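*Asks:* Going down the list, the sequences are from chains A and B.
With this note's numbering, letter number 61 in the first sequence gets 61, and the count goes up by one each step, no holes.
With this note's numbering, letter number 64 in the second sequence gets 64, and the count goes up by one each step, no holes.
Bear in mind the hints are in silico, worked out from the structure with no lab data behind them.
Here the structure is a predicted model, which means the values were calculated and not measured.
Among the clues, some could well be false.
Claimed, not checked - Chain A is faced by these chain B residues, among others (derived, beta-carbon under 7 Å):
#1 Thr38
#2 Met40
#3 Phe65
#4 Ala88
#5 Phe91
#6 Gly111
Said to hold, decoys possible - Facing chain B, a subset of chain A residues (Cβ under 10 Å, in silico):
#7 Thr5
#8 Ala17
#9 Thr24
#10 Leu44
#11 Gln45
#12 Lys49
#13 Ala53
#14 Phe100
#15 Val108
#16 Pro110
What the hints assert, rightly or not - In silico lysine to aspartate or glutamate, DMTMM-like type, Cα no more than 25 Å apart, as pairs:
#17 Lys97(A) x Asp71(B)
#18 Lys49(A) x Glu44(B)
#19 Lys68(A) x Glu16(A)
#20 Lys56(A) x Glu76(A)
#21 Lys97(A) x Glu14(B)
#22 Lys56(A) x Asp63(B)
#23 Lys78(B) x Glu42(A)
#24 Lys68(A) x Glu42(A)
#25 Lys78(B) x Glu68(B)
#26 Lys60(A) x Asp1(B)
#27 Lys52(A) x Glu15(A)
#28 Lys97(A) x Asp63(B)
#29 Lys109(A) x Asp55(A)
#30 Lys52(A) x Glu42(A)
#31 Lys109(A) x Glu69(A)
#32 Lys60(A) x Glu76(A)
#33 Lys68(A) x Glu15(A)
#34 Lys105(A) x Asp86(B)
#35 Lys97(A) x Asp86(B)
#36 Lys105(A) x Glu44(B)
#37 Lys105(A) x Asp57(B)
#38 Lys78(B) x Asp63(B)
#39 Lys11(B) x Glu15(A)
#40 Lys97(A) x Glu18(B)
For glycine and all other residues, C-beta sits at the position ideal for the given N, C-alpha and C.
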Amino acid sequence: GNSVTQMEGPVTLSEEAFLTINCTYTATGYPSLFWYVQYPGEGLQLLLKATKADDKGSNKGFEATYRKETTSFHLEKGSVQVSDSAVYFCALANFNKFYFGSGTKLNVKP
Amino acid sequence: DARVTQTPRDKVTEMGQEVTMRCQPILGHNTVFWYRQTMMQGLELLAYFRNRAPLDDSGMPKDRFSAEMPDATLATLKIQPSEPRDSAVYFCASGLGTSDSSTDTQYFGPGTRLTVL
């Protein structure tokens, strides 16, 4: 079947620290992979995506590489800011359906 | 810029009452999703439509929930009768997809926060 597993939070970092949020998936076929971000009181917003193996998605300093050999799509950012505090969701799209991870809450302290 | 809109943003009602939530997808999008988000269960897919036809509503409690798309610009999610366990944030999302491929990016609305007393 299709599923997404991401690391549990919360993750607490100091400003300018390096961020990694792990995401692994199981899927049949060739899924697309996404990271969404949810700020308090808002809906999910697309952060980045990758549609095939070895693609790298990037946006606002965040990056994730579609690794088929390790079935992973880890989110990274070199230097986080307080404004990055939010909940991050890894997601997989396959055969007309989306599968979301449970979300990882990120707290960035000044 | 184009956005998914949802109304109402907040709804407080009493157990047993009917609740209707509305969603306007982004113009030109042919796929609409309804999700429910709670602290305990996270984000759950309730139903989704392609070209106004329901493709999957297996995540929806059939006895009390119903979802429809009266036209391409309006999707509705109805709960009748509502129960306290229905309290959650309900999100609508829209996207563009074809019959033989996955929907590309989903664009989420701001959500309807439902509280059933």
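*Asks:* Hint by hint, which ones does this structure get wrong, listed from lowest number up?
*Replies:* Hints 1, 2, 3, 4, 7, 8, 9, 13, 15, 16, 19, 21, 22, 24, 27, 29, 30, 31, 33, 37, 39 and 40 not satisfied by this model.
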